[in-house]
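First to last, the sequence lines map onto chains A and B.
Numbering (the working numbering) for the first sequence: 1 to 355.
Numbering (the working numbering) for the second sequence: 356 to 532.
Bear in mind the hints are in silico, worked out from the structure with no lab data behind them.
Idealized CB from N, CA, C, for every residue including glycine.
Worth double-checking, as some hints may not be accurate.
Stated by the list, open to error - Listed next, with one range per pair, are the computed distances between beta-carbon atoms:
no.	chain 1	residue 1	chain 2	residue 2	range
1	B	357	A	206	54 to 64 Å
2	B	386	A	191	35 to 45 Å
3	A	45	B	444	31 to 41 Å
Claimed, not checked - Within a straight-line C-alpha distance of at most 20 Å, the following computed EDC-like cross-link-like pairs (lysine to aspartate or glutamate) qualify:
no.	chain 1	residue 1	chain 2	residue 2
4	A	4	B	386
5	A	72	A	188
6	A	322	A	350
7	B	508	A	3
8	A	288	A	233
9	A	270	B	412
Stated by the list, open to error - So, partial list: chain A residues that the calculated Cβ filter (under 10 Å) puts toward chain B:
no.	residue
10	32
11	115
12	116
13	171
14	172
15	175
16	177
17	178
18	259
19	261
20	263
21	339
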Amino acid sequence: MSDKVLMKGNEAIAEAAIIAGCRHYFGYPITPQTEIAAYMAKRMPKIGGTFLQAESEIAAINMVYGVAAAGKRCMTSSSSPGISLKGEGISYMAGADLPALVVNVQRGGPGLGGIQPSQSDYFQATRGGGHGDYHMIVLAPASVQEMASLTVKGFELADKYRMTSMILADGTMGQMMEPVSLELDVKEPPEKPWATTGTGMARPHNVVNSLFLSPDELERTNFLRYERYAQVEANETMYEEYLMDDADVCIAAFGIAARVSKNAVNAARKEGIKAGLIRPITLWPFPKAAFAKAADRVKAFVSVELSMGQLIEDVMLAVNGKAPVTLCNRVGGMIPSPEQVLDAIRKAAENGGAR
Amino acid sequence: MSTTEILIAGFGGQGILFAGKFLAYKGLIEDKNVSWLPSYGPEMRGGTASCSVILSDAPVGSPIVSNPDVLIAMNLPSLDRYESSVVPGGVIFTDSTLIERSVVRNDVKAFAVPATRLASDNDMPTLANMILLGKVLAECGGFEKETVTAALKKVISAKHADMLDLNLRALSIGAGL
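Whole structure, please, built from the sequences with the hints as guidance.
Structure (structure tokens):
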């Protein structure tokens, strides 16, 4: 059984964060991600780290702002309603170009919603979530192993581009256990000459701030930030293709929806329908090129998601009218069954003339 | 390529999640692909609890078990709710101390084990789950003492190491039925 251990997805995120050198966690409990906080509460004091249960989500994200400004790897985690509360702080961190990791283990919404899995925060995550022009790097794990490896990657990319990385998971990913190897590829954090670490009377003060009252200066910060975003789009897009070489029908799905879809793709293949799957691993930057390339050959796309049709908009933009894109979804904490997805594949195959 | 999808269901406190974790670890030790998914809804705050375990030679796709090959029902509401979902040719194990009715389906194999009574008779009142699991392992092929012991060591924390022998005994009682 090698070196693998069984862990819940939430625990894997927490342990991977520690392995990545995160020693500062701030949070506030909410189902279905509370295991992250519980794990940190147990481990951080033993390794000289900080675990702090803040008085609210808003307080927690602002503590993250503080530690990030001081140049240390830090994180917070929550679930959908709590992430909305953090939106202001995330926007401030974007405005101040601060790196940090935010984990959203999504549950059904809107409002207080429910506690069962959902992917309905896709727009919020991929479009920034708070006010102003900005992006987060959004990573969508589809296994407990990826909950760990993408956490490490999230810290790495956050530091590299001075951005917030978000792990966009869901209740199933957080609660399920799978074998996971904790031999993770951790790179040393880069130097952070901008951090507010005290001058030692040896250098000018560093200032971390998101307030720019002069419009031309504020415009310049936006332009510069989007130059960095362009680099992220060029260099950091990640996705998985499954049976796409000869696919007539292409499913677009991430996270738990991609896992269900894999079952359906296999079942469709048994029926003689050439189905395949593109699974975005980065939701922002979105793997536009992979879908655009597939659209040259694929006859129909199906977006499988736990939302009312959010991922589908990015798929349609990338496919750019070259093939029909249909929606296969459940919401409110429900999860599409492989049969439902198979049915959608059959319909897409007929309508797209793929048979 | 074989895949076994298992659904374990009962009351909170019966060790449903623990039993699932044990099966998952046993699968991991046997080099299988495994997944374990608990119910984490209002159920886990009292009432019914369930968990999905998948053991497979291939990578596990969806971790959700909707149509189990093996159903382990530890109370009546669970049998009522999940009996019809078992695949034809599947197997249903019930704790017959707590479930008075028999399995109605005639296209599945059914085993009724008085697990709760056996647990109290043998002075291990909290281990009805493991007695039932012993029967599951015996019937579904998989009661090798070495892997069973190794899996138990993984799921029983060091603090409760003294429970190891008792769990082994519970499994053996079930396996010997």
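Tested hints:
no.: 1; hint: 357/B to 206/A: 54 to 64 Å; result: 60 Å, holds
no.: 2; hint: 386/B to 191/A: 35 to 45 Å; result: 44 Å, holds
no.: 3; hint: 45/A to 444/B: 31 to 41 Å; result: 52 Å, violated
no.: 4; hint: 4/A to 386/B; result: 10 Å, holds
no.: 5; hint: 72/A to 188/A; result: 12 Å, holds
no.: 6; hint: 322/A to 350/A; result: 17 Å, holds
no.: 7; hint: 508/B to 3/A; result: 15 Å, holds
no.: 8; hint: 288/A to 233/A; result: 10 Å, holds
no.: 9; hint: 270/A to 412/B; result: 18 Å, holds
no.: 10; hint: 32; result: 6 Å, holds
no.: 11; hint: 115; result: 6 Å, holds
no.: 12; hint: 116; result: 6 Å, holds
no.: 13; hint: 171; result: 7 Å, holds
no.: 14; hint: 172; result: 6 Å, holds
no.: 15; hint: 175; result: 5 Å, holds
no.: 16; hint: 177; result: 4 Å, holds
no.: 17; hint: 178; result: 5 Å, holds
no.: 18; hint: 259; result: 5 Å, holds
no.: 19; hint: 261; result: 8 Å, holds
no.: 20; hint: 263; result: 4 Å, holds
no.: 21; hint: 339; result: 9 Å, holds
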